[in-house]
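Q: Work out the full structure, taking the sequences as your base and the hints as a guide.
Take the sequence shown: its position 18, counted from the start at 1, is 1318 in our numbering, and no numbers get skipped.
These are computed hints drawn from the structure, not numbers from a lab.
Keep in mind that a hint or two might mislead.
Now the in silico label distances, taken between C-beta atoms and shown as ranges [to be verified]:
{"no.": "1", "residue 1": "D1317", "residue 2": "E1337", "range": "26 to 32 Å"}
{"no.": "2", "residue 1": "H1341", "residue 2": "G1321", "range": "14 to 20 Å"}
{"no.": "3", "residue 1": "H1341", "residue 2": "F1309", "range": "28 to 34 Å"}
{"no.": "4", "residue 1": "V1314", "residue 2": "D1336", "range": "17 to 23 Å"}
{"no.": "5", "residue 1": "H1341", "residue 2": "K1302", "range": "25 to 31 Å"}
{"no.": "6", "residue 1": "Q1325", "residue 2": "I1346", "range": "15 to 21 Å"}
{"no.": "7", "residue 1": "I1342", "residue 2": "L1311", "range": "29 to 35 Å"}
{"no.": "8", "residue 1": "I1346", "residue 2": "Q1303", "range": "16 to 22 Å"}
{"no.": "9", "residue 1": "T1344", "residue 2": "M1324", "range": "15 to 21 Å"}
{"no.": "10", "residue 1": "H1305", "residue 2": "W1328", "range": "30 to 36 Å"}
{"no.": "11", "residue 1": "V1320", "residue 2": "H1341", "range": "26 to 32 Å"}
{"no.": "12", "residue 1": "V1333", "residue 2": "Q1303", "range": "16 to 22 Å"}
Note that the Cβ used here is the ideal one computed from N, Cα and C, for glycine as well.
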Amino acid sequence: MKQVHVKRFDLFLVNLDPTVGAEMQKTWPCVIVSPDEMNRHIATMIIAR
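A: And the structure:
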């Protein structure tokens, strides 16, 4: 798998499926809001749609 280096405020198209209940579905543009230090050390990021 290709490793991607992300930075805070980068934009990505994110597939938000599968969802539970009334959560948003489909592919949406999302911005990375987690701090760069966190993004360098963990594979989980905080995004905003």
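Q: If you test the structure against every hint from before, which numbers come out violated?
A: 2, 3, 5, 7, 10
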